[in-house]
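Participant: Mind docking these for me? Both chains are given alone in their own frames, and the hints should help you get the complex.
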Amino acid sequence: MSDQPKKTYILIVRERYCKGCTICVTFCPKHVLSLRGGKVWAEHPELCIGCKMCELRCPDFAIEVHEKGEELGSGVDDMDLDLPPEALHD
Amino acid sequence: MSSTLSYFRQENLPHIWCPGCGHGTVTGSLIRAIQRLDLDKNKVCIVSGIGCSSRAVGYLDFDTLHTAHGRALAFATGIKLARPELKVIVMTGDGDCTAIGGNHFIHAARRNIDITTIVMNNNIYGMTSGQYSPMTPKGMYGTTAPYGNLERSFDLCELAKAAGATYVARATSYHVPLLIDLIEAALQNKGFSMVEAIVQCPTYFGRKNKVGGPVEMLNWIKDGVVNVKAAASLPPEKVAGKKLIGELHNAPASEYTADYDELIAKVQRTYEGFQGGLYGCASNSD
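Chains as they are written, first to last, in our numbering: chain A, 1233 to 1322; chain B, 1203 to 1488.
Chain B extracted, bound-state conformation (with noise of 0.2 Å):
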């Protein structure tokens, strides 16, 4: 892992997240899949919100941006636009990306926008001492939920396929070779890809819910889902109640910042030689 650790800023590591945390097993997933597609790390932008998931950022030696809460999505369709050839990267927690970003998120999955978006699902904020998320499943305790949450959770990988992603694949801290072929196939495909990578939060999350530590919890998450292939001759009463990983829905459509250039091209053509006047004007006026 020598040449894996030449893609950190060693002089931030070790780093600040809890013994046991499930970020920096993505964090060190995503690496592995930079490291087999070797992109060139001048072409590669990071960018990421706020949360634990967040700091992530901050310990990759690309080029990152840190931004604020929920907008990473944001910032980073700028960056697309501005710099198509980039390759660019969100990494995000679950309350950043389905809380206060989430109408970033729809947007930019109805767009089809080239941004690989890595949601680290811990079912709580973590950062701010583990108040209930969107995502946290219905009855399980947070600090503000200590009767147990009663609204129910999204399905973030339904979600994202409602709203237009081209790729959609959902992986846990525990099946790590499954989440780097992944984030490997999210970062191939040209659109909007969405991993959602549950992990797990053994300081607020495994404490408050009585879960246990890193390793139940790790336990707990890989109890809790099925393979797809493997849902799929399973009778239904082994799936129901478990969440589905794997590639979960992969349908190429035209790229938003292709379909950009090619319009600025056309109108381009259009007024080539336009002098002023009322030439290509005149029909939308009165």
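This is chain A alone, in the form it adopts within the complex (with noise of 0.2 Å):
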């Protein structure tokens, strides 16, 4: 085994564009993922390897993978995905 810490990952999901297709429940090779009430849900995020197959297989953009740490981009840590864009236009 390598010194190297292990990595993890955070899994951002957006509920309002999943529309629970299960394509990334199935291929996750971990088993990371679930549907809970219809949407994606991180049921296993620990056991995350960051391979992101799920976020390219998305039909519908809903779910993301970012490593831990990592630089996350304007405004997606503050940001309530349930919104809809438009109603945050006044």
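Don't take every hint at face value.
Stated by the list, open to error - Computed list of chain A residues with no C-beta within reach of chain B, every gap over 12 Å:
#, residue
1, P1237
2, T1258
3, E1275
4, P1277
5, K1300
Unchecked claim - Part of the chain A face toward chain B, derived, beta carbon under 7 Å:
#, residue
6, T1240
7, Y1249
8, I1255
9, K1271
10, G1282
11, C1283
12, L1288
13, R1289
14, D1292
Keep in mind the hints are simulated off the structure, nothing from the lab. Each residue gets a CB set at the ideal place from its N, CA and C atoms; glycine is no exception.
Facilitator: See below:
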């Protein structure tokens, strides 16, 4: 085993975009994801190896994988992903 | 992907495609390829025709054009000739590109004009409820083929190659990293590039042919293809009846808009200082 610390990942799910097609749930090699209430849910995020196949295969742009400590880009941290973007306009 | 999402018109999302439709995957792959190449948003123009696949441009934050059925390549040719500095991308479906727009497709390929065409092949006319298209495999079912399709389907990559396209590749919505690589290479190719993306249509094709939902359809697509590099070392019986994925043809040739500019410059040089009269025209008249 290498001395490098194990990488951990954050999974961001946009429930408003998810249509529950189960592509990500089925093809995840580590069975990280599951379906809850018809939407995708990261059940075991600690098992994620960051292959990003869920992010790439998702037809609805509903899930994204970030390494912990990675720069998330503008406004992702404080963005309420359940709100439609048009609701943010005055 | 937050930076990926910045390439979308987020007020239009979530999109109207069915749950598990592969068109979203291909749209995402295009965006990731554009992101890797770091193209200027104002220098990219995306054109589409009519069909499920052609809805993609409505969600993309570039200069986009949603045109008449099958005529996406005709409009794109006009854009490219008027503004050769733009990166012109055509997103089209199998019915749009091979049936109604078949002629535009082969002639754009023949001219080798610098357009990147992404054909999302779901083997059926999805938007109009599942009629068979020229890409529906023989024996498969559709709304207009209740006893099985009698017609043979196109091999679109061979067609593009024969018509003169300089970059031809095929991938599927299962092999997404490959699809992104191929779209990236196609965008960099100077000349007509065609990437065929085989996608699933769980609503019409999957249901009518009893293949199943999105996951079963993706497995079905995966089993029906073999990588062109692996095919070279596999025994022929394992490759028989399967479609090849990967880069199938890459033969750079002189590009149409560059040739056109050259011709204009040449004619301008010939007639420099032309004041009227018979100079230069005499040899053509009797």
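Participant: Indicate, hint by hint, whether the structure satisfies it.
Facilitator: So, going through the hints one by one against the coordinates:
Residue placement check: P1237 (chain A) keeps its beta carbon more than 12 Å from all beta carbons of chain B (closest about 25 Å). A beta-carbon of chain B comes within 12 Å of the beta-carbon of T1258 (chain A); the shortest separation is about 5 Å. No beta-carbon of chain B is positioned within 12 Å of the beta-carbon of E1275 (chain A); the least distance is around 18 Å. With 12 Å as the threshold on Cβ separation, the claim that P1277 (chain A) sits away from chain B holds: the shortest Cβ distance comes to roughly 16 Å.
For K1300 (chain A), the condition that its CB be more than 12 Å from all CB atoms of chain B holds, with the nearest at approximately 15 Å. For T1240 (chain A), the interface hint is violated, since its Cβ never comes within 7 Å of a Cβ in chain B; the closest pair sits about 18 Å apart. Because the smallest distance between the Cβ of Y1249 (chain A) and any Cβ of chain B comes to about 5 Å, under 7 Å, the interface hint for this residue holds. Given hint, I1255 (chain A) at the interface with chain B, holds; its Cβ is 5 Å from that chain's nearest Cβ, closer than 7 Å.
Against a cut-off of 7 Å between C-beta atoms, the interface hint on K1271 (chain A) is violated, since the closest Cβ of chain B lies about 11 Å away. Hint status for G1282 (chain A): violated, given a least beta-carbon distance of 13 Å to chain B, over 7 Å. With a cut of 7 Å, the hint placing C1283 (chain A) at the interface with chain B is violated, because the nearest CB-to-CB distance is about 10 Å. Proximity of L1288 (chain A) to chain B holds as hinted, the smallest CB-CB distance being about 4 Å (cut-off 7 Å).
Taking 7 Å as the C-beta cut-off, the interface hint given for R1289 (chain A) holds, the closest approach to chain B being about 6 Å. A least Cβ separation of about 6 Å between D1292 (chain A) and chain B falls short of the 7 Å threshold, and the interface hint therefore holds.
Hint compliance for this structure: hints 2, 6, 9, 10 and 11 are broken, all remaining hints hold.
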